[in-house]
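Note that the protein sequences, when read in sequence, are chains S and E.
Residues 1 to 628 (our numbering) are what the first sequence spells out, left to right.
Residues 1001 to 1076 (our numbering) are what the second sequence spells out, left to right.
Mixed in with the good hints there might be a few duds.
No more than 25 Å apart at the CA atoms, straight line, and that leaves these computed lysine-lysine pairs for DSS-like [claimed, not checked]:
1) E:K1016 <-> S:K410
2) S:K157 <-> S:K7
3) S:K225 <-> S:K469
4) S:K220 <-> S:K297
5) S:K602 <-> S:K614
6) S:K614 <-> S:K228
7) S:K297 <-> S:K225
8) S:K602 <-> S:K587
9) E:K1016 <-> S:K297
10) E:K1002 <-> S:K297
11) S:K280 <-> S:K157
12) E:K1002 <-> S:K228
13) E:K1016 <-> E:K1002
14) S:K469 <-> E:K1002
15) S:K225 <-> E:K1002
16) S:K280 <-> S:K297
17) S:K228 <-> S:K305
18) S:K587 <-> S:K614
Quick caveat, the hints were computed from the structure, so don't treat them as lab data.
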Amino acid sequence: MYGSNEKILRVNLTTGLISQEMIREDFYRLYPGGKSLAGYILLNEIPAHTEPFSPENVLVMANGLLTGAPVSTATRYVVSARSPLTNGYGESEAGGFWGPELKMAGFEAIVITGRAEMPVYIWIHDSQAEIRPADHLWGHEPAEVQETIRTELEDEKICVLQIGIAGENLVRFAGITNDLRHFNGRNGMGAVMGSKNLRAVAVRGRQRYQVLAHDPEALKTLGNKLAKDVRSNPLSWDLQNKGTPGLVEPLNVAGMLPTRNFRQGAFEGMDNLKWEAYEKELLTARRSCYACAVRCKREVAVDGKVSAYGGPEYETVGAFGPNCGVSDLQAVARANLLCNTYMLDSISTGSTIAFAMECFEHGLIGLDDTDGIDLRFGNADAMLTMIERIAHRQGFGDLLAEGSRRAAEKIGNDAHFFAMQVKGQELAMHEPRGKYNIGMGYAISEIGADHLVVTHDTMLVNPESLSFKNSQALGIRNAQPARSLNDEKIAQYYILEKWNSLEKAIGFCFFGPAPRSFIHPLDVLASVNAATGWEMTIEEALQIGERAINMARVFNAREGFNRQDDRLPERMFQPLENGALVDQFIKHEEFEHALTQLYGLKGWNSETGTPGRKRLEELSLGWAADLL
Amino acid sequence: MKLFLGGSLAFYAPAKQPNFEVHLNTRTSLVQVLMNLGIPIAEIQLTVLNRELVNLEDAMVSDLDEVRLYPPVGGG
């Protein structure tokens, strides 16, 4: 088989047993890595109702088929397990260098089971692996841990994936970092690692992707062309120029900058947080992921000192800035630094603090509850203190470390109304009342609210735009308004969701393929085909994406999830308080009708949302239907 | 007229700089000005004229105006 190492590494932390498993090509073509391979393993190997922090939970780290190929944005891997935040199928993607390094070390994925008695880390190099003690790393900051591992293994080029103190303390939204600057933030995958006493996975490989490729020359030629396309496409050019912090100003103008826990869509302090301020006050350099010409990563100085952990992305600026009512950019940068030092998901951390701020302002909690902290919107010091307390599970931070849904249940009264979450995971910093597909994606996503499920509506509203024209290769025919869920738009959602799922299976970043960015869908296929020798069509690609979604959906159905869990926070059905979309809201009946329509297209039961056997069999998932 | 091209629209600006000035002798349609500059209308989502959100197709501008344009934002 081409394009793959054909090997999965298995590590049982309870027994210490390490083994390797071969992958067959016919299997890999159905489950070509990333989200699809992880979904297959989770569904087959995690018994129903497994407690997320128990040794029986299975942690998968899986590269996409193209991860590490010399193609810009093909850098991603997923980390997957039953989520302690949602109690459902858990997943979080990251770019950087660790995934490509794992590919170079000879593996497509790592499957980690059991629990080590004492803290350990896994060391993988050139098709070998060992478990090493990590007592001396436990409780230390990621930068120190990375340095210690590289020193003791005598190689400065080792890629270190690791958790931080938040993961050790089982904060339910603890994340994972690699190379200190790239993050599997969502769904609490860092807490699952912590529950296994696994602090890090260090990797070093020396093989090049090209030796795996079916047609290395074609892949190289395509990679060179795409690297040039980055500069000639306005969307990727802009990402290279500003990175994601460039989103702050246009979203504010559009009335879609989540402000004060999603009450508002525009923030009066935006000028202090927009790109021009970021560039002037924080920026020190631009960096990239492996072999990626987009170079959207930002290096910053915080309080005058260059950070080892990279700069805040848009999501982080949004979560700790407008959504907490904070207009101090340095405070936002400090919040980002704290999250990365403790390895917390900055979206869930910021959103959970915003939830607590609104509870505080409504008198549902008081100073007695918050350890004397005046937790009002706009109080940057209180926000920063709460991040520390969440990471260490101290005082009121121990409650917030459970996430906004669980915290709301404990606080009681109307607190649940202020928890901006779906399935237990907090909303990202994109406003559903301005982009209805994003609302649908938040609601239906198997991992809880997530902003990378579907192409954002605004990209496809003008039939003459570059992004719309690129989407036509996927079968998108007519432009639709952003604030609508009409039947044709739902049909488009169905296509776009499958395409975004495919990206997560084969290792592409959201900022690679069109319609979001610069790689035409046919070039995505050309990359796969040059790597594998397959003749993949758009139809097959979309089916891979749909297969991955359905496995995750079956996983959740088995855990008792149903249509009632595909629900947006009630606030989304109420008017925005300010900005360009003031008074706008989603209509309940329109949303419910669209959900029924979408279930129908997906072959899911309209009342329960459970995948039907017929569609599962069409997707070669008859085995999954047997699990229901 | 002061013109600011936000986000990816700056790609189409002279020297790819987001801020620049255009001299107008008469009051004219903003769409016409942008077409003369080679800025693709289809890529513009939001138009702010003198700090007010307006409809691009209806906007008339003169030399003392300030215009800020933004593309659709795709998230991520």
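Which earlier hints can't be squared with this structure? 1, 6, 10, 11, 12, 14, 15, 17 and 18
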